[in-house]
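So the protein lines, in turn, are chains A and B.
Using the working numbering, you'd call the opening residue of the first sequence number 154 and step up by one each time.
Using the working numbering, you'd call the opening residue of the second sequence number 154 and step up by one each time.
Honestly, I wouldn't trust all of these hints.
Chain copies aren't distinguished; within one or between two, either way the pair holds.
Cut-off 30 Å, straight-line C-alpha distance, at most; resulting in silico cross-link-like pairs (DSSO-like, lysine-lysine) [as the list claims (entries may be wrong)]:
{"#": "1", "residue 1": "Lys-258", "residue 2": "Lys-371"}
{"#": "2", "residue 1": "Lys-264", "residue 2": "Lys-466"}
{"#": "3", "residue 1": "Lys-405", "residue 2": "Lys-244"}
{"#": "4", "residue 1": "Lys-368", "residue 2": "Lys-258"}
{"#": "5", "residue 1": "Lys-510", "residue 2": "Lys-466"}
Keep in mind that the hints were calculated from the coordinates and are not lab data.
Listed below, chain by chain, are the residues.
Number of protein chains: 2
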Amino acid sequence: MSRAYNFCAGPATLPESVLQQAREEMLDWRGTGMSVMEMSHRSDEFVEIAENAEQDLRELAGISDDYAVLFMQGGASSQFSAIPLNLLGDKSSADYVNTGIWSKKAIAEAKRFGDVQVVASAEASGFASIPDVADWQTNPDAAYLHYTPNETIGGLEFDFIPETGSVPLVADMSSTMLSRPMDFSRFGLIYAGAQKNIGPSGLVVVIVRKDLLGKARKEAPTMLNYQVIADNGSMYNTPATYSWYLAGLVFKWLKAQGGVEAMGRINERKARKLYDFIDTSDFYANPIEPRFRSWMNVPFTLADDALNGDFLKGADARGLLNLKGHRSVGGMRASIYNAMPEAGVDALIHYMAEFAKERG
Amino acid sequence: MSRAYNFCAGPATLPESVLQQAREEMLDWRGTGMSVMEMSHRSDEFVEIAENAEQDLRELAGISDDYAVLFMQGGASSQFSAIPLNLLGDKSSADYVNTGIWSKKAIAEAKRFGDVQVVASAEASGFASIPDVADWQTNPDAAYLHYTPNETIGGLEFDFIPETGSVPLVADMSSTMLSRPMDFSRFGLIYAGAQKNIGPSGLVVVIVRKDLLGKARKEAPTMLNYQVIADNGSMYNTPATYSWYLAGLVFKWLKAQGGVEAMGRINERKARKLYDFIDTSDFYANPIEPRFRSWMNVPFTLADDALNGDFLKGADARGLLNLKGHRSVGGMRASIYNAMPEAGVDALIHYMAEFAKERG
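Throw the hints in and build the complete structure from the sequences for me.
Have a look at this one:
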């Protein structure tokens, strides 16, 4: 078939032009006679690729020199351990906000390394709303406060950055990174698994304020020690070079689209279209409080779960792929990251309308 | 330029046919309308790719069902931590053999987690020979014995598998994996960073005897816990899917070449040619005891170090790339992994002869 519209939550669709460039350069990067994946990570060529990617990311996200940008391995899940191992320091506890499944995973892992206070939870709302900040039981002496700006599975997204005073703010941005403008100077550390808005899986980007480095616990594996990774330009060992290169191509593509300001406008429009359609329909529903609906991951249910199978079959036949919701939530989920063209959202809405008319 | 002969120690050259297939499938894997790197790791398509890769690796290496095969992230360097964290269990110490730079790195990291006994060292020979097994001061109650069958930097390779009785044998096979037949049933655990003989960086293959699972220390990060990774088919989190796919293509290529028996014959011939040439030359030298010379990494020096720059420049001009030795050793190093064609070794020898004649 031709290129499908792939609504997978991650690994996710990539810009077609990025894949085309990767294809063209696969056997010979710019006359070197080598694929990027065959290059020494210490070669001039790869170092240039790596540095360009970092520079483009800094420009796109507006990251100052006060921050180190790390290209690590092991996914966001490895960061669930790395964060307490590196940031607890001599503090006795850290604050966590629970807004869904990914928050819970981060909390469970952090508890293995220190005292974790869940200072706010969306559980009472069925994970359909962000708890009012006025009610958060934060600890001014916490080592950091961790939250999940966008819950990939639940489709619950913060529309604000929490104010934590002198407590460093730590955020799992895996599914929202670079999807809209954000003031990164508000954060102590952010991390993002690449396989949603950045590139292929096997790479996790960590952006950490330099004054937070150097406090790793002695039992931290060296490969999870931010100071070591920063001191070595993310090349303490061989990094995931090909994923890094592809992330660089995605960053270039984002700049060509007009950066995160332009992406934010497009993403808001894509999301609004889809939610508006869902809200005006009697057949589809989304449970999230409108203000906190994710721009990136749109879960929705059909009026009758017995029709789910037929809905998915029809979608597949039209090249609208991977719409099945996460097993913990059920129903459907359309992930509409940066690389999902607006035409893909239009095609999805068109099919949803058609299906509702025929089967609703 | 056309494809060069790339002698890089890793990331390293890959079979051209593998890169060609990856190129062809880049935008659309078998009519799915998706690149493999855009596929959900839980999709039927990717699960098939992943399982085929594991099955092919098991066939190639003769791995029985007594072993779990894990596709992890973080490189061999992460395993330097994972091994003591998982295998020390209730034992008080582990034995390590020091044969060079990679052994030393494994030793340094293990010391952070437990009591390490260096039971043999090649230091007295200037890392030019493997210490006689009769002199190893092994501990019959060690949690495991760790060694490095092939030192990528020094070019020192074991031509035997040490006998350790009931003590599990653990081996860093990053640069020798699948290069020759080996009796894997002799090992408790082997690991190999992919970027030499398996595929792109960002993937590390771990093969572990199942009875060694389930002993992880409570402070082990979950992503380094072999039991968790094994229980989840290496998909506890999103694995490095594209690297896994490429490894699968390399395994298929290896099978088509005749498997590790055929590769062993070819690799021995390639290595012998190069060492024979070095030994018959007055201009080039390799310091390793012949019996323990690596089939994969061939370090050599020129009679006059002042000529190194010119040698490398001439090599580059002929498309013989990345021959510069590791900074800790100096001189040259030709890494001649599985994917380096015999014609590449012939071209290197031809150039070396020419250079020695003109400049020697």
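Structure-based check of each hint:
| no. | hint | in the structure |
| --- | --- | --- |
| 1 | Lys-258 / Lys-371 | both (23 Å within a copy, 17 Å between copies) |
| 2 | Lys-264 / Lys-466 | neither (42 Å within a copy, 55 Å between copies) |
| 3 | Lys-405 / Lys-244 | neither (40 Å within a copy, 51 Å between copies) |
| 4 | Lys-368 / Lys-258 | both (23 Å within a copy, 22 Å between copies) |
| 5 | Lys-510 / Lys-466 | within (16 Å within a copy, 70 Å between copies) |
When each numbered hint is compared with the structure, violations occur for hints 2, 3.
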